[in-house]
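Q: Sequence:
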Amino acid sequence: MPTPKDLDKTIRDLIFNQWSITAPEHPIKTEIVFPYVVNREVLINLSYAIWVSEFTSSRTTKTLRRDLEARHIFRVHCFVRPKTGKKEDVNTAKSEKDGMRIEVERIITAFRTGIPGVVDMYPKRPLPADQWDMDPPFLIELVEVECIYLTGIPGE
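Under this note's numbering, the first residue of the sequence shown carries the number 1, and numbering increases by one thereafter.
Watch out, some of these pointers could steer you wrong.
20 Å max Cα-Cα, derived EDC-like pairs, lysine to aspartate or glutamate [unchecked claim]:
hint, residue 1, residue 2
1, K83, E31
2, K87, E25
3, K94, E31
Beta-carbon label-pair distances, calculated as ranges [said to hold, decoys possible]:
hint, residue 1, residue 2, range
4, D13, Y122, 13 to 21 Å
5, G117, D89, 41 to 49 Å
6, T109, K86, 32 to 40 Å
7, T113, R40, 33 to 41 Å
8, P116, T56, 21 to 29 Å
9, P35, L150, 23 to 31 Å
None of these hints come from the bench; they were simulated from the model.
Here a beta-carbon is modelled for each residue, glycine too, at the ideal position from N, C-alpha and C.
The task is simple: from the sequences and hints, build the whole structure.
A: Okay, here's the thing in structure tokens:
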């Protein structure tokens, strides 16, 4: 049975393996770093990054088959650092960030039952997490992914 620690890495690997943007106005896979762990110092030196983190455990319930069903929310971070803080560069970076978010949502939707042990997963509404306290700013879109999986049959 999957665990949240396994699932964040599995979701990251799914996005990495299925990434297929080739449009000239969006970053291609070879331009993006897909780290497992990120901190601010690492981001300073990157232009594009995507990583996954566990956000919350929402609930565990019994299903009709008596399995325990767990629901966890993961956040997929779509990071873009503009070349400069100028308005034109920031607007270009925002467009790139939107393209990355759309590709993440496409992958999650297309492979919603493609992870062993996962019953379903789907993207939820994205949240902006831009950080404007530096020049150029960090532009981050958080795509929340709800992941539903079975944890096993409870003892009676």
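Q: Could you run down the list of hints and mark each one as holding or not?
A: Taking the hints in turn, this is what the structure says about them:
no.: 1; hint: K83 <-> E31; verdict: 14 Å, holds
no.: 2; hint: K87 <-> E25; verdict: 17 Å, holds
no.: 3; hint: K94 <-> E31; verdict: 16 Å, holds
no.: 4; hint: D13 <-> Y122: 13 to 21 Å; verdict: 18 Å, holds
no.: 5; hint: G117 <-> D89: 41 to 49 Å; verdict: 43 Å, holds
no.: 6; hint: T109 <-> K86: 32 to 40 Å; verdict: 35 Å, holds
no.: 7; hint: T113 <-> R40: 33 to 41 Å; verdict: 35 Å, holds
no.: 8; hint: P116 <-> T56: 21 to 29 Å; verdict: 23 Å, holds
no.: 9; hint: P35 <-> L150: 23 to 31 Å; verdict: 29 Å, holds
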